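Chains as they are written, first to last, in the numbering used here: chain A, 1 to 305; chain B, 306 to 568.
Derived by calculation from the structure, the hints in this document are not laboratory data. Please read all numbers here as calculations on a predicted model, not as lab measurements. Mixed in with the good hints, there may be bad ones.
[To be verified] Mimicking EDC-like on lysine to aspartate or glutamate, the simulated pairs with C-alpha atoms at most 16 Å apart in a straight line are: (1) B:K463 - B:E376; (2) A:K220 - B:E410; (3) A:K220 - B:E376; (4) B:K340 - B:D309; (5) A:K104 - A:D267; (6) B:K463 - B:D335.
[What the hints assert, rightly or not] Every beta carbon over 10 Å from chain A, so not counted as near; a handful from chain B, in silico: (7) G318; (8) F328; (9) A375; (10) R411; (11) F413; (12) H425; (13) A429; (14) A438; (15) L477; (16) R479; (17) V555.
[What the hints assert, rightly or not] With the C-beta cut set under 7 Å, the calculated list includes, among others, these residues of chain A facing chain B: (18) D206; (19) V210; (20) R212; (21) V213; (22) L214; (23) N215; (24) L216; (25) P228.
For each residue, glycine too, the CB sits at the ideal point set by N, CA and C.
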Amino acid sequence: MSAVPASVPSAIPIRASGPHPAAAALAERVDAVARRKTVAKPVPTGYRRARAPEWVLQVIAMLAGLVAFVALWEIVARQGGRIPGPGLVWHAAVTIFSDPFYSKGPNDQGIGWNVLSSLKRVGIGFGLAAAVGIPLGFMIGRFKFLSGMAAPIIALLKPVSPLAWLPIGLLLFKAANPAAIYVIFVCSLWPMIVNTAVGVRQIPQDYLNVARVLNLSEWKVFTRILFPAVLPYMITGVRLSIGVAWLVIVAAEMLTGGVGIGFWVWDEWNNLKVEHIIIAIFTIGIVGLLLEQALVLLARRFSYN
Amino acid sequence: MDTDRYLRIDDVGMTFETKKGGFIAIERIDLTVKKGDFVSLIGHSGCGKSTLLNLVAGLLHPTEGGILLAEREIAGPGPDRGVVFQNHSLLPWLTCFDNVYLAVERVFSDKKNILKERTHKALAMVDLTAAEAKYPHEISGGMKQRVGIARALAIEPKMLLLDEPFGALDALTRANLQDELLRIVDKTGATVLMVTHDVDEAVLLSNRIVMMTNGPAARIGGVLEVDLPRPRDRLALASDRRYIELRTTVMDFLYRKQLKQAA
Chain A
1 MSAVPASVPS AIPIRASGPH PAAAALAERV DAVARRKTVA KPVPTGYRRA RAPEWVLQVI
61 AMLAGLVAFV ALWEIVARQG GRIPGPGLVW HAAVTIFSDP FYSKGPNDQG IGWNVLSSLK
121 RVGIGFGLAA AVGIPLGFMI GRFKFLSGMA APIIALLKPV SPLAWLPIGL LLFKAANPAA
181 IYVIFVCSLW PMIVNTAVGV RQIPQDYLNV ARVLNLSEWK VFTRILFPAV LPYMITGVRL
241 SIGVAWLVIV AAEMLTGGVG IGFWVWDEWN NLKVEHIIIA IFTIGIVGLL LEQALVLLAR
301 RFSYN
Chain B
306 MDTDRYLRID DVGMTFETKK GGFIAIERID LTVKKGDFVS LIGHSGCGKS TLLNLVAGLL
366 HPTEGGILLA EREIAGPGPD RGVVFQNHSL LPWLTCFDNV YLAVERVFSD KKNILKERTH
426 KALAMVDLTA AEAKYPHEIS GGMKQRVGIA RALAIEPKML LLDEPFGALD ALTRANLQDE
486 LLRIVDKTGA TVLMVTHDVD EAVLLSNRIV MMTNGPAARI GGVLEVDLPR PRDRLALASD
546 RRYIELRTTV MDFLYRKQLK QAA
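Use the sequences and the hints to build the structure in full.
Below, the structure is given as structure tokens:
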């Protein structure tokens, strides 16, 4: 009788090469995704046992995780606290999502409107940040002096919670909505600048030598070499920015009010509709996940290795 | 025009500024290359042969002396010299065709269809017509280097500068590409300056081999005329007495006179 186990779980080789030699810290989430995709099948041993394909196991694991989560939630809910159980939340969700786009005045709108207005704020604030941050990042990456000038400012301001900027925004704009957009702008700006600048600095000298020996025009250098070389870094910056922006918008809206998913959470807290808060948490999570996945797809489209 | 002194390297020296003061890479280099000549630079690593090539390419500027190509001083890099880099240096986001086209459209001001025609021709010369639409990561190392050669040749440069062009390839692919380069050079009559550390490659391809002493402050230690008739055939030469003599001379220079101390 042979005692050799059929599977060799320790021998799962992981391809070490990331999609681009990105700054490790900034690209770690991309790498994590890439790793998930490239985990090789277990090394076949002498005799093969019929086993389910990889993805079936993954789906089973995911379902098991979700079931465990819901079960735990149910147990917590039955302890008699104020947390509504999964069943109650589900029923409330069915009601809410059956009419997501109703509007009964500014303080009572469907969840669809709330999510959309939050996304709109994120979109505007983030778009402005990209419009400012990407060119700034290019310049900081290209010119050492500018980089020296910007380094202390960025180092000082980057760790500041975006919400600390909110009063300044209210002061400047004297209205809640532009102040919220402004907070998104500020928090999206740093990742865009830093990643673009890192990307510009990481351009291999070989590519620049090609430009030099061919004596390419500045425009060609930019469109054919600088921009494509920096694009993966820029997308990483975009991904980090969007992630942070989506985190921040909820908090900003709680403080500023108006229409938006963050405000809705606060409103439902005031109404003591805890099941709606839980629905909002799930909605925020799912929207954030979709944003992230869309950008990961985009990043893969523009990775050249 | 003085075709006997097409490329003139006049008393050139190159000193790099480092934190510990000046580092003399090469000094007092004198060399002339005829039009249509094939000259190899050979020496141990660190002997400044790539520095010399980069000076001719214009990527570096000599701290002493001057370099003239076709009676004009080399002031910087330019497309009158086609450079093939050791690591191919193709842009990964462009197809093979577009990589070559980028160079072609820079140099010629023809209509678009003629530019494309030139690009197709250059890629056909290195046998890559079938791979035109592929991206660099989809083709082998040898094929990438061929695209690099096509890119350098497509701009019809006055000189072809090869920086250890086959150094990163396996032996069989290398032999294959050397034969291809021989054929192309015979056909186009290109003037070539090649850096190599492969003795066989130098003897097989060159008309003259410039042997460099060890750095720092490397100089030309000797110039060997390779008087083997062309076209040259690798297999026939392998047992050719003259070939073996020439090979031995270079080996003798590299491994007896310039034996590198274990670094």
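How the hints compare with the structure:
About 12 Å separates the Cα atoms of B:K463 and B:E376, which keeps this hinted pair within 16 Å; it holds. Under the criterion of a C-alpha separation no larger than 16 Å, the hint pairing A:K220 with B:E410 is consistent with the structure, at around 11 Å. Using a Cα cut-off of 16 Å, the hinted pair A:K220 and B:E376 is violated, with the two alpha carbons roughly 30 Å apart. A threshold of 16 Å between alpha carbons decides the hint, and for B:K340 with B:D309 the separation of about 6 Å falls inside it, so the pair holds.
Between A:K104 and A:D267 the CA atoms are separated by roughly 15 Å; this keeps the pair inside 16 Å, and the hint holds. As the CA atoms of B:K463 and B:D335 are separated by approximately 20 Å, the hinted pair breaks the 16 Å bound. Listed as a non-interface residue, B:G318 keeps its Cβ farther than 10 Å from every Cβ of chain A; the least gap is roughly 22 Å. Even its closest Cβ contact with chain A, about 19 Å, leaves B:F328 beyond 10 Å, as expected for a residue assigned away from the interface.
With a least beta-carbon separation of about 17 Å from chain A, B:A375 lies farther than 10 Å from that chain, consistent with its non-interface assignment. In this structure B:R411 is not separated from chain A by more than 10 Å, as the shortest Cβ-Cβ distance comes to only about 5 Å. In this structure B:F413 is separated from chain A by more than 10 Å, as the shortest Cβ-Cβ distance comes to about 12 Å. Annotated as non-interface, B:H425 keeps its C-beta farther than 10 Å from every C-beta of chain A; the closest such distance is 19 Å.
Distance to chain A confirms B:A429 as a non-interface residue, since its nearest Cβ pair spans about 21 Å, more than 10 Å. Every beta carbon of chain A lies more than 10 Å from that of B:A438, the smallest distance being close to 15 Å; the non-interface claim holds. No beta-carbon of chain A comes within 10 Å of the beta-carbon of B:L477; the shortest separation is about 25 Å. Residue-level check passed: B:R479 sits 20 Å from the nearest beta carbon of chain A, beyond 10 Å.
Listed as a non-interface residue, B:V555 keeps its Cβ farther than 10 Å from every Cβ of chain A; the least gap is roughly 29 Å. Contact between A:D206 and chain B, as hinted, is supported at the beta carbon level, the nearest pair being about 4 Å apart and thus within 7 Å. Residue-level restraint check for A:V210 holds (minimum Cβ-Cβ distance to chain B is 5 Å; threshold 7 Å). A least Cβ separation of about 5 Å between A:R212 and chain B falls short of the 7 Å threshold, and the interface hint therefore holds.
For A:V213, the shortest C-beta to C-beta distance to chain B is roughly 5 Å, which falls under 7 Å, so the interface hint holds. Evaluation of the A:L214 hint against chain B yields a held restraint, the C-beta minimum of about 5 Å falling below 7 Å. Because the closest C-beta pair between A:N215 and chain B is about 5 Å apart, less than 7 Å, the hint holds. Given the 7 Å rule on beta carbons, the hint for A:L216 holds: about 6 Å separates it from the nearest Cβ of chain B.
Checking A:P228 against chain B by beta carbon gives a least distance of about 4 Å; that is within 7 Å, so the hint holds.
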